[in-house]
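S.K.: For reference, the chains in residue letters:
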Amino acid sequence: MTTTMTARERVLKLFAGEDVDRPPCFSGMGNVTTEGLKALNQKFAATHLDAKMMAAAAVSTYRLFGFECGVAPFDLCIEAEALGCEINVYAHSEDLLYPTIKKKLIHNEAEMELSIPSNLTGRGRVPLMLDVIGLMKKDIGSEAAVGSYVLGPFTLAGQVMELNDLLKLSFKKPDKIGRLLDQLSDVIIQVAGQYEKAGVDYITVREMGATSDVLSPRVFKSLILPYLRKIFEKIAVPSVLHICGKTNDIVPFMAESGAKAISVDQKNDVAETRKKLGNKALVFGNYDPYNVLVAGTPELVRQTIRKCMDDGVSAVWPGCDIWPTVPAENFKTMMDEVRNYRR
Amino acid sequence: MATEEKKKELLEKLRNAVIQYDEDTAKEAANEALSTGIDANDAIFNGLVSGMVEVGRMFEAQEYFVPELLMCADALYAGLDILKPHVKQLDLGVKGSVVIGTVEGDVHDIGKNIVKMMFDVAGFTVYDLGRDVPLDKFVQEQLRTDSDLVCLSAMMTTTMTGMKKVIDDLRTRNPNVKIMIGGAPVSQDVANKYGADGYAKDATNALKDAINMISSLKKMKDEAEARKAK
Numbered sequence: 001m002t003t004t005m006t007a008r009e010r011v012l013k014l015f016a017g018e019d020v021d022r023p024p025c026f027s028g029m030g031n032v033t034t035e036g037l038k039a040l041n042q043k044f045a046a047t048h049l050d051a052k053m054m055a056a057a058a059v060s061t062y063r064l065f066g067f068e069c070g071v072a073p074f075d076l077c078i079e080a081e082a083l084g085c086e087i088n089v090y091a092h093s094e095d096l097l098y099p100t101i102k103k104k105l106i107h108n109e110a111e112m113e114l115s116i117p118s119n120l121t122g123r124g125r126v127p128l129m130l131d132v133i134g135l136m137k138k139d140i141g142s143e144a145a146v147g148s149y150v151l152g153p154f155t156l157a158g159q160v161m162e163l164n165d166l167l168k169l170s171f172k173k174p175d176k177i178g179r180l181l182d183q184l185s186d187v188i189i190q191v192a193g194q195y196e197k198a199g200v201d202y203i204t205v206r207e208m209g210a211t212s213d214v215l216s217p218r219v220f221k222s223l224i225l226p227y228l229r230k231i232f233e234k235i236a237v238p239s240v241l242h243i244c245g246k247t248n249d250i251v252p253f254m255a256e257s258g259a260k261a262i263s264v265d266q267k268n269d270v271a272e273t274r275k276k277l278g279n280k281a282l283v284f285g286n287y288d289p290y291n292v293l294v295a296g297t298p299e300l301v302r303q304t305i306r307k308c309m310d311d312g313v314s315a316v317w318p319g320c321d322i323w324p325t326v327p328a329e330n331f332k333t334m335m336d337e338v339r340n341y342r343r
Numbered sequence: 344m345a346t347e348e349k350k351k352e353l354l355e356k357l358r359n360a361v362i363q364y365d366e367d368t369a370k371e372a373a374n375e376a377l378s379t380g381i382d383a384n385d386a387i388f389n390g391l392v393s394g395m396v397e398v399g400r401m402f403e404a405q406e407y408f409v410p411e412l413l414m415c416a417d418a419l420y421a422g423l424d425i426l427k428p429h430v431k432q433l434d435l436g437v438k439g440s441v442v443i444g445t446v447e448g449d450v451h452d453i454g455k456n457i458v459k460m461m462f463d464v465a466g467f468t469v470y471d472l473g474r475d476v477p478l479d480k481f482v483q484e485q486l487r488t489d490s491d492l493v494c495l496s497a498m499m500t501t502t503m504t505g506m507k508k509v510i511d512d513l514r515t516r517n518p519n520v521k522i523m524i525g526g527a528p529v530s531q532d533v534a535n536k537y538g539a540d541g542y543a544k545d546a547t548n549a550l551k552d553a554i555n556m557i558s559s560l561k562k563m564k565d566e567a568e569a570r571k572a573k
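So the protein sequences, as listed, match chains A and B.
First residue of the first sequence? That's 1 in this note's numbering, and the numbers climb one at a time after it.
First residue of the second sequence? That's 344 in this note's numbering, and the numbers climb one at a time after it.
Quick caveat, the hints were computed from the structure, so don't treat them as lab data.
Careful, some of the hints might be misleading.
To list a few chain B residues with every Cβ distance to chain A over 12 angstroms, as calculated [claimed, not checked]:
| # | residue |
| --- | --- |
| 1 | ASP489 |
| 2 | VAL520 |
| 3 | ALA567 |
Computed footprint of chain A on chain B, listed as stretches where at least three residues anywhere in the stretch have a Cβ under 8 angstroms from a Cβ of chain A [as the list claims (entries may be wrong)]:
| # | segment |
| --- | --- |
| 4 | 409-419 |
| 5 | 461-473 |
Chain B is nowhere near these chain A residues, computed Cβ spacing over 12 angstroms in every case [as the list claims (entries may be wrong)]:
| # | residue |
| --- | --- |
| 6 | MET5 |
| 7 | GLY258 |
| 8 | LYS276 |
Glycine included, every Cβ here is placed at the ideal spot set by N, Cα and C.
Please model the complete structure; the sequences and the hints are all you need to start from.
M.R.: Right, dumping it as C-alpha cells:
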C-alpha cells in the first residue's frame, strides 16, 4: 500500500483525533544525529548559537531518515537564559556536550522572589529560536511537522535554582515553591506563545524533574499539576506533556493536565497505561533512545518498536532526546518497522 | 559509662532522627551520646547509618522520595559533624581515599553527594571535585592524591559517554586504581563495556553499594579488633 499522507498531515490528524494510516514516528524533543551534522559539516557546539545551523541540523533527521518532524532547540537552557542565567555551550569540546546552566539565579531561600524581565521574549536565545522555527517551516513545513519544546515549571525551577534546595523546599515549604512555579509558568506561557506565533505545529512541555524517581505522585498532584494545567490552558497548538523515568503512578494526572498527548519513556508500562487511560488518549513513547537506538542491534530496534506498537502507543516516539551517535542502520530499521509492521 | 539501656535509647534516638529528618534531634542525640561515653564509631554506625539503611529501604519501597532522602542526609551530617572528631582511627588495612565527581556536561550532583556521604561516614578521605568536572581533572586528582578509588557520576546519557575516556586514561596511568561509576543511565552492561570495577545504578543502588562497602569495612574493623585482642 502506498501512503498518500505527508508526515505533517499524519501528525496533525493524530493530534486532531482523526484517523491516521499508521502511527507517526516523530518526537517533540531533540533528534539531531551525528550523521546529520557530518552531512552539514557542522560542530555540535556551534549549532546552539546560530539560527541557520540550528535549523539545518533540526531538519536533517527528516531529510536523512524520514523521521517525521523537525524540532529545535537541542538544549534545555532557553528559558533560564532569558531569565538571566549564564550558559555553557562547551565551545572548546569536540565531544557531544549539551549546553548547561553555568550560573543560577537563586542561590538560597531568600532569593526566591524572582523578578521577571519585562522584555523576556527579547532576551537570550528566544529571538534566535523564532528565526529557527521560521527557517524550519520554510524548509520542511509543507511536508513534516515542525515542533519545539519548553520546560515544565518544576524542571525550569531546577535550572534557575539549586536542585538540592528546590527538592527540600518542595517538601518543607511548598507554598513558597508554589509561588515560584506560578511565576515560572507565566514565563513558559510567554515563550510558548512566541513559538506559536513563529509557526510551530506542536509544543512539548518537558517536566522530567517531576518524575516519580524524584517526587512522590502525591506531591506531583498537589504541587506540580496545577501549574501544568495553567500552562496547557494557554497553549493553543497541539501540546504534549513529557515526563521520563518512573511515570506509572502519575499517568492519570498527566492525562488531566490538559495536554493533548502524554509522552513517557521505557520505564512506563504502556500496555497498562493504555488500559488506564482508554483508547482515545494519545500516548507517545516509549523506546530507549540510547540503549536501543544507539547501542542496540537492528534486531533489538525491530523488537522494541514492535513492542511499542503492540502495547498501543499512538506515536512511536523516543523516551528522551535522540542521542546523536545513532547508527544509520538502526534509524532506518526503526522507520521501516513503523511503516511496515502489521500492514 | 552509659548503661546498656541508655546506650540503646540514644542509638535509637540517632537512628530515628535520621529517619525523621530531624537535624536538631540528631545534634542533640550526638552530643548526649558523647557525654554519656558512647563510642563515636558505635554512634555513627549503629545510630546514624542504621537510620540511613532504613531510609534506603523506604526509598526503595517508594515511601520516601528524593526530597526526603536529602533531608535525611542533612540530619545524618548534623550528627556526623559532632561525632566525627571523636572517632578513633583504626588501621583498616585500606587507605580509604576517594576521588569523586560528576563528569563534564552534567550539572546533577545529588546522586554523587549521597555516595559521598557514605564515604564520609566510613571515614574515607574524600576529594570531591563537584559537578561538571573536565575529564582530565579526574586523572590529575587521582595522581595528585594517590587515591585508590575514583567514582564517576553521570545523570544523563549525554554525559555518560565521557566516563569511558576517564576510565581509559586512568587505567593507562594507574592500572591498580578501582573505578566505580553511577547515575541514571549507567547499567552493568555499560560498566562492563567501559571497564569499570563497580557501578551504582541510581540513588537507591548507590546507597546500597556504599552501605555494602561500609559493611565490608566494618567487617575488616572487627577482624582488626579480633587480631588485636589475641
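S.K.: Does each hint hold? Answer for all of them.
M.R.: Verification of the hints:
no.: 1; hint: ASP489; result: holds (28 angstroms)
no.: 2; hint: VAL520; result: holds (23 angstroms)
no.: 3; hint: ALA567; result: holds (36 angstroms)
no.: 4; hint: 409-419; result: holds (count 6)
no.: 5; hint: 461-473; result: violated (count 0)
no.: 6; hint: MET5; result: holds (32 angstroms)
no.: 7; hint: GLY258; result: holds (25 angstroms)
no.: 8; hint: LYS276; result: holds (18 angstroms)
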